[in-house]
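**Q** Single-letter residue listing:
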Amino acid sequence: MTEPSLSQKEFIAKEKQHKKQVRICRGMLLVLLLALWELCAELGMIDSFIFSSPVKIWGCFVKMAGDGSIFLHIGITLLETLASFFLVVVIGVGAAVALWASRSLSEILEPYLVMMNSLPKSALAPLLIVWLGNNMKTIVVAAVSVAVFGSILTLHTGFAQTDPDKIRLIRSLGGTKKDILTKVLIPSSVPLIISNMKVNVGLCLVGVIIGEFLSAKAGLGYLIIYASQVFSCEYRLIRKHRRKANAQHF
Amino acid sequence: MKTKLEVKGLCYSYHTMEGETQALLDISFDVKDGEFFVIVGPSGCGKSTLLSLLSGLIKPEDGCILIDGVPREESRAVMGYMLQRDHLFEWRSIFSNISLGLEIQKRLDQEAKKDLAGMLDTYGLSQFRDARPGQLSGGMRQRAALIRTLALKPDILLLDEPFSALDYQTRLEVGDDISTIIRTQKKTAVLITHDLSEAISVADRILILSSRPGRVKNVIPVTFAPEYDRPLARRNAPEFSAYFNQLWKELRDHD
Ligand SMILES: Nc1ncnc2c1ncn2[C@@H]1O[C@H](COP(=O)(O)OP(=O)(O)OP(=O)(O)O)[C@@H](O)[C@H]1O
Ligand SMILES: [Mg+2]
Numbered sequence: 001m002t003e004p005s006l007s008q009k010e011f012i013a014k015e016k017q018h019k020k021q022v023r024i025c026r027g028m029l030l031v032l033l034l035a036l037w038e039l040c041a042e043l044g045m046i047d048s049f050i051f052s053s054p055v056k057i058w059g060c061f062v063k064m065a066g067d068g069s070i071f072l073h074i075g076i077t078l079l080e081t082l083a084s085f086f087l088v089v090v091i092g093v094g095a096a097v098a099l100w101a102s103r104s105l106s107e108i109l110e111p112y113l114v115m116m117n118s119l120p121k122s123a124l125a126p127l128l129i130v131w132l133g134n135n136m137k138t139i140v141v142a143a144v145s146v147a148v149f150g151s152i153l154t155l156h157t158g159f160a161q162t163d164p165d166k167i168r169l170i171r172s173l174g175g176t177k178k179d180i181l182t183k184v185l186i187p188s189s190v191p192l193i194i195s196n197m198k199v200n201v202g203l204c205l206v207g208v209i210i211g212e213f214l215s216a217k218a219g220l221g222y223l224i225i226y227a228s229q230v231f232s233c234e235y236r237l238i239r240k241h242r243r244k245a246n247a248q249h250f
Numbered sequence: 251m252k253t254k255l256e257v258k259g260l261c262y263s264y265h266t267m268e269g270e271t272q273a274l275l276d277i278s279f280d281v282k283d284g285e286f287f288v289i290v291g292p293s294g295c296g297k298s299t300l301l302s303l304l305s306g307l308i309k310p311e312d313g314c315i316l317i318d319g320v321p322r323e324e325s326r327a328v329m330g331y332m333l334q335r336d337h338l339f340e341w342r343s344i345f346s347n348i349s350l351g352l353e354i355q356k357r358l359d360q361e362a363k364k365d366l367a368g369m370l371d372t373y374g375l376s377q378f379r380d381a382r383p384g385q386l387s388g389g390m391r392q393r394a395a396l397i398r399t400l401a402l403k404p405d406i407l408l409l410d411e412p413f414s415a416l417d418y419q420t421r422l423e424v425g426d427d428i429s430t431i432i433r434t435q436k437k438t439a440v441l442i443t444h445d446l447s448e449a450i451s452v453a454d455r456i457l458i459l460s461s462r463p464g465r466v467k468n469v470i471p472v473t474f475a476p477e478y479d480r481p482l483a484r485r486n487a488p489e490f491s492a493y494f495n496q497l498w499k500e501l502r503d504h505d
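Residue numbers (this note's numbering), protein chains in the order written: chain A, 1 to 250; chain B, 251 to 505.
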């Protein structure tokens, strides 16, 4: 390697400067939004009982961190999300490859996949509880069912668009279907698989939370349900108080 | 000189739900050992189909292909197929692109790697060994694609318009370059082209196909005085325009 030229160095310095600015602005935007939220709550422009405020949330977090409960809930949700994500990737890529390998199979299954993909999975979740019981398995299956069909369809569409000339090239070099798979299909689909994985992580989290809403003893979804139930009690109480106070006032 | 490749009464049709497309009809010709054989013909006349048949990617409907007198399927001869675009894989380095064929056939040992390194050296690509295809110029990419084809030590080279994706200047240079490489290696080559002057500048014989369904119209031997016998020199030879006019006329004649 030779020493980079002056203009190359300048270019790199400029590029680094730009990246630094972007990072700083990102951080500042977050701080600004949090500050605005806090300010509105402090000034009473929004009801901090309903909208909460960053300071309150932090307080709650510290309290839950104190007894370690928040980490348990986060850990469980994370575990469930990762497990279902892993399953979605394995099943998604595996099924898409199988569909690619067999034209008949893909044509037979396509309408079913489209139907399964458009089925509202949250409606399916109660059934899953009945089938699989009130446990973590149900939650993982619910999360997988949210993401996996879309993943199969997306990957299969991508696989089907592989350049036929590249396939011809492999065949002309004496390659088999397996070579086409490992040397062309998978490597050329890496960007697609990665972008699909990004979508899947989000969908798995959604699926896990839905699952936890319905059947969990721990996890973030459970916390949300728990909080909203407690909250609705408190909220009703407070409304009663306020009404009473108003009545006395007049 | 003995016959390397013999084609007899070859027919091929494509079948789709919309109907049948007759691509080739009763094609017969032969190619001598070490000969540079060029096929020209109007667009869509079935030239690529003919090469696919020769390479064995598709099976003929009728007729047969003999290599060294043996039917294609039984022959052990290796066919090197070079497609229109280079199709270097962007996710592989140049070296692992040119070794693709050997890798697929599980023949990539130390010996073969040394061979490949030698070829990179010969064709002026050794400093791009670990580069990505995107960093190479069109001409270099085409040379890399040629090395990938030559790496399997093919007995017959099949070239489907290998230069057509290049700009004119590069095309002259690379065309000259590659055909000289093939000639010095004494390979038998079948080249397809649209470009009549390209055909004349490299060919030993030129086969003219009619428009679809492709039929053999004529086979023209091309000979030049020894002092002109390099592709770029041929273009300046006095015989060149005579050949050009002959080809042009044959192609335009609708029998
Ligand atoms: N997969 C296919 N299915 C149906 N028809 C096809 C298919 N491939 C080629 N054809 C038809 O067969 C004919 C011959 O095609 P081919 O590609 O061999 O022509 P070509 O001479 O190589 O053309 P070009 O000079 O444009 O490359 C064309 O008319 C084309 O429409
Ligand atoms: Mg063609």
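Hints in this document: simulated from the structure, not taken from any laboratory. Bear in mind the structure is a predicted one, so any value in this text is a computation, not a measurement. We put the CB at the ideal spot given by N, CA and C, even for glycine. Keep in mind that the hints are not guaranteed to be accurate.
Below 30 angstroms or equal to it, Euclidean Cα-Cα: the simulated DSS-like pairs (lysine-lysine) are [stated by the list, open to error]:
#1 Lys403(B) x Lys166(A)
#2 Lys166(A) x Lys499(B)
#3 Lys177(A) x Lys467(B)
#4 Lys499(B) x Lys403(B)
#5 Lys363(B) x Lys309(B)
#6 Lys309(B) x Lys282(B)
#7 Lys178(A) x Lys282(B)
#8 Lys56(A) x Lys178(A)
#9 Lys166(A) x Lys137(A)
#10 Lys437(B) x Lys467(B)
#11 Lys364(B) x Lys178(A)
#12 Lys177(A) x Lys282(B)
#13 Lys177(A) x Lys198(A)
#14 Lys178(A) x Lys198(A)
#15 Lys467(B) x Lys178(A)
#16 Lys166(A) x Lys363(B)
#17 Lys178(A) x Lys166(A)
#18 Lys436(B) x Lys403(B)
#19 Lys499(B) x Lys177(A)
#20 Lys499(B) x Lys467(B)
#21 Lys356(B) x Lys166(A)
#22 Lys356(B) x Lys177(A)
Looking from chain B toward chain A, a few residues come up when the C-beta cut is under 7 angstroms (computed) [unchecked claim]:
#23 Ser305
#24 Leu307
#25 His337
#26 Trp341
#27 Ile354
#28 Gln355
#29 Leu358
#30 Ala362
Far from chain A, some chain B residues (derived; all Cβ distances over 12 angstroms) [stated by the list, open to error]:
#31 Gly294
#32 Arg357
#33 Val466
#34 Lys467
#35 Gln496
#36 Trp498
**Q** All the hints need checking, so say for each whether the structure fits it.
**A** The hints, checked one at a time:
1. A threshold of 30 angstroms between alpha carbons decides the hint, and for Lys403(B) with Lys166(A) the separation of about 21 angstroms falls inside it, so the pair holds.
2. With a C-alpha separation of about 36 angstroms, the suggested pairing of Lys166(A) with Lys499(B) is violated against the 30 angstroms cut-off.
3. With a C-alpha separation of about 38 angstroms, the suggested pair Lys177(A) and Lys467(B) falls outside the 30 angstroms cut-off, and the hint is violated.
4. Only pairs whose Cα atoms come within 30 angstroms are accepted, and Lys499(B) paired with Lys403(B) is rejected, the gap being roughly 38 angstroms.
5. A C-alpha spacing of about 33 angstroms is found between Lys363(B) and Lys309(B), which places the hinted pair above 30 angstroms, so the restraint is violated.
6. With a C-alpha separation of about 23 angstroms, the suggested pair Lys309(B) and Lys282(B) falls inside the 30 angstroms cut-off, and the hint holds.
7. Using a Cα cut-off of 30 angstroms, the hinted pair Lys178(A) and Lys282(B) is violated, with the two alpha carbons roughly 36 angstroms apart.
8. Between Lys56(A) and Lys178(A), the direct Cα distance comes to roughly 58 angstroms. Violation of the 30 angstroms bound is thereby established for this hinted pair.
9. Under the criterion of a C-alpha separation no larger than 30 angstroms, the hint pairing Lys166(A) with Lys137(A) is inconsistent with the structure, at around 42 angstroms.
10. Restraint check: the Cα-Cα separation between Lys437(B) and Lys467(B) comes to about 26 angstroms, which is no more than 30 angstroms; the hinted pair holds.
11. This hinted pair checks out: Lys364(B) and Lys178(A) have alpha carbons roughly 27 angstroms apart, not beyond 30 angstroms.
12. Of the supplied pair hints, the one linking Lys177(A) and Lys282(B) is violated, its CA atoms being roughly 34 angstroms apart against a limit of 30 angstroms.
13. In summary, the hint linking Lys177(A) to Lys198(A) is supported, as the alpha carbons are separated by about 29 angstroms, within the 30 angstroms threshold.
14. For the proposed pair Lys178(A) and Lys198(A), the alpha carbon gap of about 27 angstroms is at most 30 angstroms, so the pair holds.
15. Note on Lys467(B) and Lys178(A): the hinted pairing is violated, with a Cα-Cα distance of about 41 angstroms set against a maximum of 30 angstroms.
16. As the CA atoms of Lys166(A) and Lys363(B) are separated by approximately 23 angstroms, the hinted pair is consistent with the 30 angstroms bound.
17. At most 30 angstroms may separate the alpha-carbon atoms for a hinted pair to count; Lys178(A) and Lys166(A) meet this at roughly 14 angstroms.
18. A distance of roughly 12 angstroms separates the Cα atoms of Lys436(B) and Lys403(B); the hinted pair therefore holds under the 30 angstroms criterion.
19. Straight-line distance between C-alpha atoms of Lys499(B) and Lys177(A) comes to about 45 angstroms, which puts the hinted pair past the 30 angstroms bound.
20. Restraint check: the Cα-Cα separation between Lys499(B) and Lys467(B) comes to about 12 angstroms, which is no more than 30 angstroms; the hinted pair holds.
21. Of the pairs offered as hints, the one joining Lys356(B) and Lys166(A) holds, with about 19 angstroms between alpha carbons and a cut-off of 30 angstroms not exceeded.
22. Between the alpha carbons of Lys356(B) and Lys177(A) the distance comes to roughly 15 angstroms, so the proposed pair stays at or under 30 angstroms and holds.
23. Among the interface hints, the one on Ser305(B) holds; its C-beta lies about 6 angstroms from the nearest C-beta in chain A, closer than the 7 angstroms criterion.
24. Taken as an interface hint, Leu307(B) checks out: its beta carbon lies about 6 angstroms from the nearest beta carbon of chain A, inside 7 angstroms.
25. At about 5 angstroms, the closest approach between the beta carbon of His337(B) and any beta carbon in chain A falls short of 7 angstroms, and the interface hint on this residue holds.
26. Taking 7 angstroms as the C-beta cut-off, the interface hint given for Trp341(B) holds, the closest approach to chain A being about 5 angstroms.
27. The beta carbon of Ile354(B) is positioned within 7 angstroms of a beta carbon in chain A (closest approach about 4 angstroms), and the interface hint is therefore held.
28. The closest approach between the C-beta of Gln355(B) and any C-beta of chain A is roughly 5 angstroms, which is under the 7 angstroms cut-off, so the hint is satisfied.
29. The restraint placing Leu358(B) at the interface with chain A is violated, with a minimum CB-CB distance near 12 angstroms, outside the 7 angstroms limit.
30. Because the beta carbon of Ala362(B) sits about 14 angstroms from the nearest beta carbon in chain A, more than 7 angstroms, this interface hint is broken.
31. Against the 12 angstroms criterion, Gly294(B) stays outside the reach of chain A, whose nearest CB is about 17 angstroms from its own CB.
32. The beta carbon of Arg357(B) is not kept farther than 12 angstroms from every beta carbon of chain A, the shortest such distance being approximately 10 angstroms.
33. Val466(B), annotated as away from the interface, keeps every beta carbon of chain A farther than 12 angstroms; the closest lies near 24 angstroms.
34. Listed as a non-interface residue, Lys467(B) keeps its Cβ farther than 12 angstroms from every Cβ of chain A; the least gap is roughly 27 angstroms.
35. Under the 12 angstroms C-beta cut-off, the non-interface status given to Gln496(B) relative to chain A holds; the minimum distance is some 33 angstroms.
36. Under the 12 angstroms C-beta cut-off, the non-interface status given to Trp498(B) relative to chain A holds; the minimum distance is some 30 angstroms.
Hint violations for this structure: numbers 2, 3, 4, 5, 7, 8, 9, 12, 15, 19, 29, 30, 32, all remaining hints satisfied.
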